[in-house]
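From just these sequences and the hints, can you work out the full model?
Here the sequence shown stands for residues 1 to 251, numbered as in our numbering.
Treat the hints as calculated values from the structure; they're not laboratory data.
Heads up, some of the hints might be wrong.
Straight line, CA to CA, 25 Å or less: simulated BS3-like cross-link-like pairs of lysine-lysine [said to hold, decoys possible]:
1. K190 x K87
2. K19 x K50
3. K190 x K50
All of these numbers come straight from a predicted model, not from anything done at the bench.
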Amino acid sequence: MLLMLIVFAAASQAQSQDKRLQRDAAAPRWLDAVGKLEVPTIKYEQGRRKHHREDCSATLIANRAGRYADSIVTAWHCLEAYSDLSKPIVFTLQPWGKQPLILTARRLADGGHIDADWAILRLERAIPTSEVRGLRLGRSTLSEQAVLQMAGYSGDPGLGRNGGQLTYDPDCRVTTTTYRFVSTDCLAYKGASGGAVVSMDNSGEALLQGIISQGDSDRLSIYVPTSRFIGEVNHLLALRASLLRENPSPT
Numbered sequence: 001m002l003l004m005l006i007v008f009a010a011a012s013q014a015q016s017q018d019k020r021l022q023r024d025a026a027a028p029r030w031l032d033a034v035g036k037l038e039v040p041t042i043k044y045e046q047g048r049r050k051h052h053r054e055d056c057s058a059t060l061i062a063n064r065a066g067r068y069a070d071s072i073v074t075a076w077h078c079l080e081a082y083s084d085l086s087k088p089i090v091f092t093l094q095p096w097g098k099q100p101l102i103l104t105a106r107r108l109a110d111g112g113h114i115d116a117d118w119a120i121l122r123l124e125r126a127i128p129t130s131e132v133r134g135l136r137l138g139r140s141t142l143s144e145q146a147v148l149q150m151a152g153y154s155g156d157p158g159l160g161r162n163g164g165q166l167t168y169d170p171d172c173r174v175t176t177t178t179y180r181f182v183s184t185d186c187l188a189y190k191g192a193s194g195g196a197v198v199s200m201d202n203s204g205e206a207l208l209q210g211i212i213s214q215g216d217s218d219r220l221s222i223y224v225p226t227s228r229f230i231g232e233v234n235h236l237l238a239l240r241a242s243l244l245r246e247n248p249s250p251t
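Here is the structure:
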């Protein structure tokens, strides 16, 4: 009985310290751009190949003109074990008050290792701004104590509902900054990897500042700043724009 009381007290304390919110009608609209990513993977266990599914998050990013979005960004480690190209990567958006959008995605570029934990994917079709507005990328790394918001499909059994509910930390801070990673006191759990790290500019627009990479599911969440890969994103978007000038119907 004493052990049960200790466990219950610990669980209650953890829940009371959970500062995340579930997305609802009052939540920021930029959350519509954060989706769930399902990646079919092959891993080796005791020398045998086994099929798994990696559950992560990803964020829709705007094209250069801002009229539609057909690209997403996520964490490289979510795709690390993806090798069977016959099985599609599936991205699901659930814009508030609208029907879910379920699209396949293909990898365009990535950092290639955990120290460059980013990846860019192209969706099977473009999403008009009238359906979901993609996020613009911030250009510079935020300084310590900068205010952030962080969102993803955390797999915890509490607010995250085992990855079934989009949650976000509405008010957290940058704690330390390096070239590779930025540490924060934002709260997220496994499954939020690849999710969005956002700050507001002077006009109130949400800017994507990074991709959730690692954390301890407590007081530390680490993200890859967009400054690490914004050049690659802009290059790919410019190539896409050039192709669309020749073929004005995005696919």
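Next pair to validate is K190 with K87; report whether the Cα-Cα distance is within 25 Å. Holds: K190 and K87 sit about 23 Å apart, inside 25 Å.
For K190 and K50, compute the direct alpha-carbon distance and say whether it is at most 25 Å. holds (21 Å)
Would the pair K19 and K50 pass a check requiring their Cα atoms to be no farther apart than 25 Å? With a Cα-Cα distance of about 37 Å, the restraint between K19 and K50 is violated, given a limit of 25 Å.
Hint 2 alone, counting from the list given before, is not met by this structure.
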